[in-house]
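Novice: The lines below spell out each chain.
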Amino acid sequence: MAGSGKLHLRLDSDPLLIVQDLVVQYKVNRKSFVSAVAGISFDVLRGETLAIVGESGCGKSTLGKAIMQLPRPQGGTVVLDGVDITALDGNDLRDVRPKVQMIFQDAISSLDPRLQVKNIIDEPLKVWKKGTAAERSVKVDNLLNSVGLDPVVVRDRRAYEFSGGQCQRISIARAIALDPVLLVCDEPVSALDVSIQAQILNLLQDMKEKLGLTIIFISHDLAVVKAVSSRVLVMYLGKICEVASPDDLYARAAHPYSRALIAAVPIPNPDVIVKRISVDGEPPSPVNPPSGCRFRTRCASASERCAAEEPQLQEVGLGHFVACHHPVTN
Amino acid sequence: MKKAQSLLIRFSQVALVLLGATFLVSILIRQLPGDVSLLINPVASEAERASLRHELGLDRNYFSAYWMWLSRMFQGDFGFFIFGGKVLPVLKTAIPPTLQLIFYTQIVALTVAVPLGVTSAYKQGTRFDRFTSTTLFSLSSIPNFGIGLILSLIIGVKIGILPPSGYKPISEGLIDHFRLMVLPVLTLAIAPISTYTRLLRAEMIGALREDYVLLALSKGLSDRRILLRHVLRPSCTTLMTSAALSMGGLIGGALVIEIIFVIPGMGTQLAKAIGMREFLAIQTYVAFIALFYITFNSIIDVLIGVVDPRTRSRRA
Amino acid sequence: MSEILKLSDFSVSFDTPRGDLHAVRGVDLSIAKGESIGIVGESGSGKTVLSRATMGLMPSTATCTGTVEFKGAVISNLSRAEVRKNWGTGMAMVFQDPMTSLNPVRRIGSQLMEALIVRLGMSKDQARARSVELLERVRIPDPYAAMKKYPGELSGGMRQRIVIAIAIACTPELLFADEPTTALDVTVQAQVLELLAELRQEFNMAMILVTHDLGVVAGQTDRVIVMYAGQIVEAASTTDLFRNMKMPYTEALMKSIPRMDQSSGQRLRVITGRLPDPTTPEPGCSFAPRCEYATDKCRTEKPPLVTTQTGHQYRCFFPIGGSL
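Chains as they are written, first to last, in this note's numbering: chain A, 248 to 577; chain B, 17 to 332; chain C, 16 to 339.
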């Protein structure tokens, strides 16, 4: 994939977030750069859950952080609620930050283990001067209640006393304390046990409905993504492969990489015959990405054109876009 | 090509640190109270004092005086003593004893600490482990001049199996040289032995919990092999860093110990020079001490890179 | 089928400041030569402790009781030095995290050759040649170059292949694979699972695949054991287990995982609560506090492990679909 293009943007539907041509580079050494995100455009409608899927090193986490300007992207624009936040500086940017909150994979280490739970959740409220101490205390209790923790039991305990699932609940309470409009969840359940994972996914769903949140859900787990998302964006080496609704993607993936990803997920049913159309090898180094389509080195249907020309996103079905010169059809 | 480049960068770093350290010292020395020219010759005439001040560079500003010293150093002129004589010959006799003292101390400290650390980590929580750590802890809490005096008194004077003080160069007989070195080296080594043992023990206990130790075990390797081949090496990095850092303390310690054991090394000379306000000599001595420190640290840095490949890319 | 491993009433407990922690409780299990068994459970279920303790890789704070027989000989009462003779050559292990299971400061070649030289008495040259073969076998591109590399220079997938090469170097008859693909990406996971299956065939090696992922188990094993709170709560052939789950815990686990063959946007079923505290065992069934079918009997009386005529085992008074 290697795809660029903006055909999939829905600018007339007033998206909450519009990201265009986003580029994030890291310095590898004095001379070379890695483009972890290499010119990506996408939008997220209000109330939507956009899932960003890909394997490690594809740039999905970097993309999530770049939306929050952490670190500042090297190129492109991020328009949140009509404001181009890439153009903001200092205090203006600080004022916008609470609107976007993040939840991380490792909930336990994303909380300061020695802080009491009430202080963890109160901190953002205090910093942004949301109400008096008494008002904030009530708000903290409400937040804890809303994530399914009993404030009486929990508020005075310290973060290290909690399990991964409980820490993730605390993280969610902290994230929604400032009434964000956009929640970026970076692998929020991949460190959790399956039984706890379901609890957290359902909680996120509840929060979204109750608070009218818009969610960007970054994950490597296609089954989880299918359960929670309303639109899926598949990434490979810093580029977009495919954008589709989950049902479309899983039934009619058009990009060979999406197909391979889906085929590789083990199905908990011994009667399902495993189709072996998985790909060989591992992604090449992003320091020196392949020319043209970045997936071509592992792609069975790659041609000369794939090496010469970067595919652009094209519509293959309603709301289904793919960046591939040889899209797969059923 | 890349290697030459990084070597060049390293070299210029060393040079910069040396320049900075000596310049700072040159300013500090000038802050010593009292007019040196008066101190030396209280009945000197105004003209005599002015000429002395001129020779010492005291009539110049900090930069110009420093430059005077530095440019003379490059011409092989290591300065002179106000009370007569050149610094260079003194330096030549003072450097070897100090270097030997420090070098032997590091060797003794490491040869004692490595087996102690490895064994305590392996026998973690046993009586051996507790005994070692308590003993080392109590020993290291005595200041080294205290230990020096006690050792010198008991072993050197009361029991008399070793000479209580003095120094002989290697050229005057290897056995005599080492007999005289035993007590000062032991004295100096106690603090680093304690630090190294505790550090290595903690590092090894951490490393023993790593998955790769479990994998090594599941290959059916012996405990001994695992400890020495799989655990010691990754744990060494911290030990080596600590050895490099302890160099500063060791040099400082050596300077004191030399005085106690009457070793005519840098410490003895530096103490003398400070007492006599020998400006140029102090500056030159400090430059050499800084040079030891930096050279040793650079060597350790390179060695760490050899032992632990993870640090190579980090530094690049 | 002859047995390669047999556990009888095997228990492991740890001496902790809060009292004895019962990590594994009364496990009976036997594995035939060349068989592939999946042990499934969540973190804290005792699955990892069970596999490590079977091998004898336990710290001194652990107490193991019961017997372990390997190839017909009891090994649970042997000294560490005696047990060690089986490690590598009789049984070997692949760990979850390839980032930490290789020694970061030693070259791949030396880590691979080590066991060949020490355990099989090969010369350096023989060991080097064999190592290259092994690397080729686990499909490492350019094995000669890989021998000279440090683990830090390789990707997670490559490192896991190397760990596998190390594990099979002395052709063990039983391989413990503890979450071997959990830390890997899906496409790489598929490749590694395929590799393990091939090697198992090739060496007629029995495998104990420890995982939390029912999907991985479904495709890779002949038989599945479900563990909860240190006990076996259900055991059956893989097809039987997925077709007629008897144990409410297994069912709840199945229902709580998001699945690709279900339509999107559905609410997931949840197992409420958490695993019981392993230092204070429940008076009744250990799953009862979280079980939607639990009765008073479940909360006060311990259900025994029942074996049906088809060999399906479960530990429940009220199995799904009735008993038998």
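Mixed in with the good hints, there may be bad ones.
If you anchor each label on the Cβ, the simulated ranges turn out as follows [to be verified]:
#	chain 1	residue 1	chain 2	residue 2	range
1	B	Ile-177	C	Gly-167	47 to 57 Å
2	B	Arg-146	A	Lys-274	45 to 55 Å
3	A	Asn-276	C	Gly-34	23 to 33 Å
4	A	Leu-292	C	Glu-209	49 to 59 Å
5	B	Arg-326	A	Ser-538	31 to 41 Å
6	B	Arg-326	C	Asp-292	51 to 61 Å
7	C	Glu-209	A	Lys-274	30 to 40 Å
8	A	Val-374	C	Ala-212	48 to 58 Å
9	C	Pro-74	B	Leu-86	29 to 39 Å
10	A	Thr-324	B	Gln-140	56 to 66 Å
Pairs of lysine-lysine, DSSO-like flavour, derived with a Cα cap of 27 Å [said to hold, decoys possible]:
#	chain 1	residue 1	chain 2	residue 2
11	C	Lys-317	A	Lys-278
12	A	Lys-365	A	Lys-278
13	B	Lys-139	C	Lys-100
14	A	Lys-455	C	Lys-21
15	C	Lys-86	C	Lys-21
16	A	Lys-274	A	Lys-312
17	A	Lys-274	C	Lys-100
18	A	Lys-386	A	Lys-455
19	C	Lys-317	A	Lys-457
20	C	Lys-312	C	Lys-21
21	A	Lys-312	A	Lys-457
Covered by chain C, per the in silico footprint, the following chain B stretches (three or more residues, Cβ under 8 Å) [what the hints assert, rightly or not]:
#	segment
22	126-136
23	162-169
24	216-230
None of these hints come from the bench; they were simulated from the model.
Remember, it's a predicted structure, so these values are computed and weren't measured experimentally.
The beta-carbon is built from N, C-alpha and C at its ideal position, and this holds for glycine as well.
Novice: Now tell me if each hint is right for this structure.
Specialist: Taking the hints in turn, this is what the structure says about them:
{"no.": "1", "hint": "B:Ile-177 - C:Gly-167: 47 to 57 Å", "in the structure": "holds (52 Å)"}
{"no.": "2", "hint": "B:Arg-146 - A:Lys-274: 45 to 55 Å", "in the structure": "holds (49 Å)"}
{"no.": "3", "hint": "A:Asn-276 - C:Gly-34: 23 to 33 Å", "in the structure": "violated (54 Å)"}
{"no.": "4", "hint": "A:Leu-292 - C:Glu-209: 49 to 59 Å", "in the structure": "violated (40 Å)"}
{"no.": "5", "hint": "B:Arg-326 - A:Ser-538: 31 to 41 Å", "in the structure": "holds (32 Å)"}
{"no.": "6", "hint": "B:Arg-326 - C:Asp-292: 51 to 61 Å", "in the structure": "violated (39 Å)"}
{"no.": "7", "hint": "C:Glu-209 - A:Lys-274: 30 to 40 Å", "in the structure": "holds (37 Å)"}
{"no.": "8", "hint": "A:Val-374 - C:Ala-212: 48 to 58 Å", "in the structure": "holds (54 Å)"}
{"no.": "9", "hint": "C:Pro-74 - B:Leu-86: 29 to 39 Å", "in the structure": "violated (60 Å)"}
{"no.": "10", "hint": "A:Thr-324 - B:Gln-140: 56 to 66 Å", "in the structure": "holds (57 Å)"}
{"no.": "11", "hint": "C:Lys-317 - A:Lys-278", "in the structure": "violated (67 Å)"}
{"no.": "12", "hint": "A:Lys-365 - A:Lys-278", "in the structure": "violated (47 Å)"}
{"no.": "13", "hint": "B:Lys-139 - C:Lys-100", "in the structure": "holds (23 Å)"}
{"no.": "14", "hint": "A:Lys-455 - C:Lys-21", "in the structure": "violated (51 Å)"}
{"no.": "15", "hint": "C:Lys-86 - C:Lys-21", "in the structure": "holds (8 Å)"}
{"no.": "16", "hint": "A:Lys-274 - A:Lys-312", "in the structure": "holds (17 Å)"}
{"no.": "17", "hint": "A:Lys-274 - C:Lys-100", "in the structure": "violated (49 Å)"}
{"no.": "18", "hint": "A:Lys-386 - A:Lys-455", "in the structure": "holds (18 Å)"}
{"no.": "19", "hint": "C:Lys-317 - A:Lys-457", "in the structure": "violated (42 Å)"}
{"no.": "20", "hint": "C:Lys-312 - C:Lys-21", "in the structure": "violated (32 Å)"}
{"no.": "21", "hint": "A:Lys-312 - A:Lys-457", "in the structure": "holds (25 Å)"}
{"no.": "22", "hint": "126-136", "in the structure": "violated (count 0)"}
{"no.": "23", "hint": "162-169", "in the structure": "violated (count 0)"}
{"no.": "24", "hint": "216-230", "in the structure": "holds (count 4)"}
Figure legend: structure checked against the earlier numbered hints; hints not met, in rising order: 3, 4, 6, 9, 11, 12, 14, 17, 19, 20, 22 and 23.
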